[in-house]
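Student: So you can see what is in the structure, the chains are spelled out below.
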Amino acid sequence: MDGETRTRLQAAQLSLAERALLQFEVEQFLYDEAALLDAREYRAWLALVTDDIHYWMPIRRTVTLSDIGMEFTKPGDMAYFDDDRAMLEMRVKKLEAGSAWSEDPPSRSRHFVSNVRIQETAGAEITVEVAFHLYRTRLNSEVSSWVGRRVDTLRRVEGGFRLARRHIFLDQTVIHTTNMSTLF
Amino acid sequence: MDGETRTRLQAAQLSLAERALLQFEVEQFLYDEAALLDAREYRAWLALVTDDIHYWMPIRRTVTLSDIGMEFTKPGDMAYFDDDRAMLEMRVKKLEAGSAWSEDPPSRSRHFVSNVRIQETAGAEITVEVAFHLYRTRLNSEVSSWVGRRVDTLRRVEGGFRLARRHIFLDQTVIHTTNMSTLF
Amino acid sequence: MDGETRTRLQAAQLSLAERALLQFEVEQFLYDEAALLDAREYRAWLALVTDDIHYWMPIRRTVTLSDIGMEFTKPGDMAYFDDDRAMLEMRVKKLEAGSAWSEDPPSRSRHFVSNVRIQETAGAEITVEVAFHLYRTRLNSEVSSWVGRRVDTLRRVEGGFRLARRHIFLDQTVIHTTNMSTLF
Amino acid sequence: MADGTQAIEPAWEADEIRALFDAKTGWLDRRVHSDAALYQLELERVFARGWNFMCHESQLKNAGDYFINYIGEDQVICVRDEEGQINVLLNTCRHRGNALCRAEQGRAKSFVCSYHGWNYGLDGRLIGVPGQSTYYRGDIDKSRLGLVTAAKVESYLGFYFATMSADAPPLYDFLGDVGRTGLGMVCANGEVEVVDGIQKNIIDCNWKIAVDNLFDWYHVMYSHASAGTAGIFDPAAVTQPKSQMVMLGDYGQAIGGPGLSKELQDKIDLMSDEERIEFARSGQVPTLRIRPRAATELMGQEGVRSMGHPNLFPNLWITLGGQQLCLRLPRGPRHTELWWFTIVPKDMPAPYRQAVMRMATHLFGPAGLLEQDDGENWSQSTRAASGFSSRKLGAALLMGLGHDEVQVGENGQTSIEGYVGEHGQRWFYRSWSEWVAARDWAELEATRSAPPTGVV
Amino acid sequence: MADGTQAIEPAWEADEIRALFDAKTGWLDRRVHSDAALYQLELERVFARGWNFMCHESQLKNAGDYFINYIGEDQVICVRDEEGQINVLLNTCRHRGNALCRAEQGRAKSFVCSYHGWNYGLDGRLIGVPGQSTYYRGDIDKSRLGLVTAAKVESYLGFYFATMSADAPPLYDFLGDVGRTGLGMVCANGEVEVVDGIQKNIIDCNWKIAVDNLFDWYHVMYSHASAGTAGIFDPAAVTQPKSQMVMLGDYGQAIGGPGLSKELQDKIDLMSDEERIEFARSGQVPTLRIRPRAATELMGQEGVRSMGHPNLFPNLWITLGGQQLCLRLPRGPRHTELWWFTIVPKDMPAPYRQAVMRMATHLFGPAGLLEQDDGENWSQSTRAASGFSSRKLGAALLMGLGHDEVQVGENGQTSIEGYVGEHGQRWFYRSWSEWVAARDWAELEATRSAPPTGVV
Amino acid sequence: MADGTQAIEPAWEADEIRALFDAKTGWLDRRVHSDAALYQLELERVFARGWNFMCHESQLKNAGDYFINYIGEDQVICVRDEEGQINVLLNTCRHRGNALCRAEQGRAKSFVCSYHGWNYGLDGRLIGVPGQSTYYRGDIDKSRLGLVTAAKVESYLGFYFATMSADAPPLYDFLGDVGRTGLGMVCANGEVEVVDGIQKNIIDCNWKIAVDNLFDWYHVMYSHASAGTAGIFDPAAVTQPKSQMVMLGDYGQAIGGPGLSKELQDKIDLMSDEERIEFARSGQVPTLRIRPRAATELMGQEGVRSMGHPNLFPNLWITLGGQQLCLRLPRGPRHTELWWFTIVPKDMPAPYRQAVMRMATHLFGPAGLLEQDDGENWSQSTRAASGFSSRKLGAALLMGLGHDEVQVGENGQTSIEGYVGEHGQRWFYRSWSEWVAARDWAELEATRSAPPTGVV
Ligand code: FES
Ligand code: FES
Ligand code: FES
Ligand SMILES: [Fe+3]
Ligand SMILES: [Fe+3]
Ligand SMILES: [Fe+3]
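Protein chains in written order, with the numbering used here: chain A, 1 to 184; chain B, 185 to 368; chain C, 369 to 552; chain D, 553 to 1008; chain E, 1009 to 1464; chain F, 1465 to 1920.
Warning: the hint list may mix true and false statements.
What the hints assert, rightly or not - Covered, in the sense of this in silico footprint (three residues per stretch, anywhere, with C-beta under 8 Å from a C-beta of chain D), are these stretches of chain A: (1) 58-72; (2) 76-82; (3) 92-101; (4) 170-177.
Simulated from the structure, these hints should not be mistaken for laboratory data. A quick note: this is a predicted structure, and the numbers were derived from the prediction, not measured. Glycine is no exception: its CB is placed at the ideal position from the N, C-alpha and C atoms.
Produce the entire structure from the sequences given, and follow the hints as far as they go.
Tutor: Here it is in structure tokens:
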């Protein structure tokens, strides 16, 4: 949260205590949601996702500082993930199909959600940035770590939050793994 | 914390603020306890452990979805750790013996305790789940990372908590390190 | 936070709620500051640093328990970093020079700040210990992880904190990377 | 990781290499997927010798635009110069070897080496040497110290290829009718451009296992069953027992996969644009868009019926009806780097473009619903090529062998039509073994097999 | 990690291999622990040729139960079929090589390949090929394309072993009296079963360093001093200067470690069950439970006195008085994967079972109080086998050489009794060098040494 | 990481090795930076054969103080014994090979092996064997089983070196005038000590690329431009076109870098201590402190003018005017471990010491403002030595070739004075190729080139 954002939140009339409680709620939601993925509870996870979700991971490139503007691909260009809810449901259906060979034996993942920073609250929506580390191990020796920044938008609903946007900015360029069959 | 658990906690009449303060206390305890291990203060760490502790790490196996019930060994079967307090004291005694060659030169560990989720409070006991990453480096080039889910039970005592149960669910199956001479 | 420290903080008359709020503030500062480094906003980061900062990373050695006193080099001996503000500004100037080849293409870093433990509050100064994991990837395949303990001193100023001291205790001895061109 | 399977490899004689694939029986020696000495020969005799895909002209719009690619494991800079020409330069300074570019792409005025500042023009000429008159006392012949350029750089339909061998035949001839048909498929709906963003990932498989898989329509039904269940595509539709059409060309070029019948193609040729689109939507053909009549010019009267997968030997797969290219870069005998290029007609209407992008993003690449499962099979198959007992077993490319006949179309294009089979794979490995056995281009030309005719 | 010690290895002649261990002096060439070419020979001549431990029958209770194991680095599926027979199948599809199983264990109706769906029965027969009549036009001989099975699979006391060599002698003969005594030790207290949960970890040492260590009762006192201090066991009790008993058998089989005196054994043989248990509890013998008289049938009159460590050549260690097996799987010249099986008598009373489990969990395995320190010594010793100067030094297996005499018991069982020594290690390396030097079973049988007699 | 460039390496004949560097043209074969077989030869013929820097006497103040170092990749213990002598012991137990020390430094009474407890004195003698009289029955000749010591250990000015070859010439002769001048530079301001804390990091480059770079004052201007911008040093000041001075000695010894003119040196020689300090501060000379007149004794009348970089062949760089040493340890053909020693005069006043420490911390080491950029160039240059096409290109060490003349000073010291050039690099690789081609010391002495005279 840079100075400007902090000002926005303060302008939003949140006291320090209110911000701390909001932080707690948001963190718990993010941890719960991560735990569902790690527990392979994909259906339950889908239930936490809004109908209009945008789940997106652009492609990052190694570029020089003078070309830094092209470090990430833009919306509408190619991406690793560019999913709406229908596509996420397809992914879950595939995982449940009984014939998703790359996930049977299933991989074992652990989502580390760290450095949670609420960036903006606008109406029912809260934008939050985290540093993530998705650790995954498969079979008896394959290990992958995906690391980066995630910008999530949560929408407050009766009894909790829903995930309305997840933009994943990976730190890696070339992906050094056979697949990305896991959700971030 | 899934919906059910949250309901349990809410039913326990904890307000959001109370839950946030409990979270803070629990996190600080877990961080303190981790720091003792990383500082090689094994005796001080033992002092935070109850007499009836169960410290357990079952064996995980790569299995297909149809055999997922056998992913972990069960209590009473073989495990990597299946310790009571006496056994933990033996481990500490070994480390203090002056002849624990695998830990002299001592390894250097860092316990990352992340995604802390209080699952249940029942009387004096609090059950908490975390995602852990135990990083260890030894000698000049050996590096290991053990990653997984930990389910701890804390018991509230005068002036703080004690660790009454630690069940460690590693994400790895075959252990790719020469030893696990470190406590989790 | 060991028992003694906790006592210090309690003696400082902070209630649990006050400590939790302070924790929140400190964490947010550390996350913000980390995010600036990860966003390559080096100038903005420098603005968070006091004029009398001591930014120090001693050299760690693999030693036996009987020589554990020489595990780290002492202040005044050799170190990987031993910077005052002028030196940090030089580092930033170098990064901005347009000819810092090891950082052009720039590396991609992620600072994981975990297990935040406030150790002491003395006047305007707060000493805080964290477990850190600095992940860095460069070009298309280079990956480094620096892990360890950090002891920071924050000084409260109008509208926030400034970083007055950062002592970095790496877990690694021999550094297994071509360079450390990143700030911790 | 513990790994003791890096065997001590023998040197290979030419006849041993040729024996690695037995065209008569279809058995392939599994060591082609693991042997380190064979791999070194491939770098020389397949990659440095052959034509390697570099980029499409749309990726380098302006002078100074560059894109890094590989010839085998040698990094090259593809760059457009001030004259608009696209050059392919070995990415290594002639002074001490340092890389000129460490980015994947970008724009440059010239290439300055970060070590001592030697400066090369966009055409590779050495144009600046710090200290030339002082330190070097003027005694340095800059004209001999330009960047090494590919021996030949040529293009077809805007696709650029390069070879390190001056003896290589012209690209046009190397592609031959089959290769040109493949690239024609990409351009069948008009002038194209590459969409920004190339997915790249590394799979632990031998590069040839990834290549031969593109001819393998047999695996679709089983490997990709879950993608079918999820509903993103219909495996059955593309593997109709008798809808396949394989075209084999010189130098190992080939196309394999479903094809339309001549009857259907005749019907389509009579349709208006609107009718064609409507017909495609109806799902009666396994493709996103049916080709306009004009495509016949690019693909030939027979080729235009192909809905399959061209491979430009050795390692460029054309897929999704020409809307994606996948380049398979060798990274040691047991690793392959995959690069996915997405290509759309420049004037494609937005909804079509979005539909293409949706398929491109979600079928292939490391997170793609199809690709996820392929990698698993490939890496396990590569692993089996190393075990002491398992590497002694062959790979059984037996399907359809001796049961089909090469048909010759009116325009001379040949094809094998009918069942799903392993004709493409056999042709690929047969050609590959000839490439690797031959010491130079002359020997390759003298010894290579012509594409089969008659019963295959 | 930086590692320049992957030397360029020479090929090895048979006499050079035999010279690697000098039985006369006890000096061992350190390169046996690092050389990559020797390692390749081991995969062929020790592992594929020899009998490898697969599993215990209790692990595969029902038809379809399977357990993955290795012969060298080749993965095999051990599976019980509908007839109740246990089969050992090479885990690689005969079509293109893909793995059939990627799990470590489980239950299957048949093995379906995830690539193209070939389906194999639990006995390895190819029972289903998608597209057999269509794509293959019926032209595929399924009977020739079943999974490769081990050349022989045989069992003794419920323990299954497999070899890839049809020339191997029967398991019973291969084990010989010494090997059978070793397995007898496991079953000395009645019928056994494997406890669920096999600990597996990878140590950066040569597999033979792990193996020879099991005969090494010399290291216990010093290496495991801290475990002694912690109180989990008493190092002195098992290394009494004169309580050792070593048995050497054909093909490299051996048992080493403490033994009971004949006098004590005679006394025990006269005890009732209750007395025996009480005596064991008294701590006068280094074992959890003393064997009932019936054990003599399984172990022989001399063997029954052994409280030591059998090794079934090449790599199966029997420990904890027969309650754990440790399999040492080669993973390249410098890595070994250790698998710990825990075995209990089926009818063991709960408190005993718990005591066994407690020892099994806490002594061995990566977190075990003993094993922690072993790995460190083994990896450093392996490292020293690679350095340019350090690999020129030999390993000094000198202890007791020429000072002991092989004794022959009434029943013909032989043993070397007395001090802790390095007889077991010498016999292991001597046998190993003969295995690796011999090109085939016939040559091995013709050239291998018989177990020593007389002064050793 | 995927990496297929581990080529199958041929064995090397002596004349092929000599041809790797062409002294007439300055072209160097790039394979010297990547070939695995050459690397194995280097371990034998450069490192085990040559004199390797071990430590400075100040690091081992008391009996039992030890410091781990390497001869090639073999670990050695440098330790001061009770008599005050510094010994160099191979860190591998004579019993089974285990490492005696696993720490980097420390203090020991003796070295006890953690495997079986063999105990070695600080001079390497085997002084204790558990079970000597019992297990060994007294039959072990301890006098033959001491730790292997370096063949020779000698020192100059407190700097200790060791060689594994008994045929090596005395250290004094090996260093020759040029090497001694280099160490003299370190001690030019009086008796020195090593500051606690040796920075260590591993760079993915061949060790020789790191070494030749120290003679390379050409790269300073461009590689280190950003450090110049940051203001930590002035690249232009040290690369004045005509201020360079190179000294070449027997066995590959060399010094390269800026030098003072004779005129300036004469002026300085007349200054008082205070004047010298003032003059250094004025920034007119590129050094922290100007040497006192006494330095002439250590460095010679010509050598004393050098402000450059000595390299003690093969791998010890002296830098920062003698205030840092950088040891480059080979870690396979593509990795190098760098160790930075910081050295200060014992009686250096605190402010000076702080200034030295500030430069030492901030210029070099992995976080140093200079070193950061060097690593990048080195690793990319190493990479280019492996590519199939890029390794065929030479490295162009052409600068100044044939344009300079070796000058002989009054005291016989020779130097090449004038422009920045590549004389040092050429001498290094020429000597290196002779070292690697020669089978033993006798052959090396018979075939090695004398330092050049006349036109170079
Ligand atoms: S290596 Fe490129 S200028 Fe020297
Ligand atoms: S590889 Fe198994 S069915 Fe094709
Ligand atoms: S290996 Fe050192 S005492 Fe045995
Ligand atoms: Fe596929
Ligand atoms: Fe042991
Ligand atoms: Fe430099």
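Student: Taking a Cβ-to-Cβ distance below 8 Å as contact, does the segment 58-72 of chain A have at least three residues touching chain D?
Tutor: Contact hint for the segment 58-72 of chain A vs chain D: holds, 9 residues under 8 Å.
Student: Please count how many residues of the segment 76-82 of chain A have a CB within 8 Å of a CB from chain D and say whether that reaches 3.
Tutor: holds (count 7)
Student: Quick check: do three or more residues in the segment 92-101 of chain A have a beta carbon closer than 8 Å to a beta carbon of chain D?
Tutor: With 8 residues closer than 8 Å to chain D, the segment 92-101 of chain A meets the three-residue bar; holds.
Student: Is the coverage entry for the segment 170-177 of chain A by chain D consistent with the three-residue Cβ rule at 8 Å?
Tutor: holds (count 5)
When the structure is compared with the earlier hints, no violation turns up for any of them.
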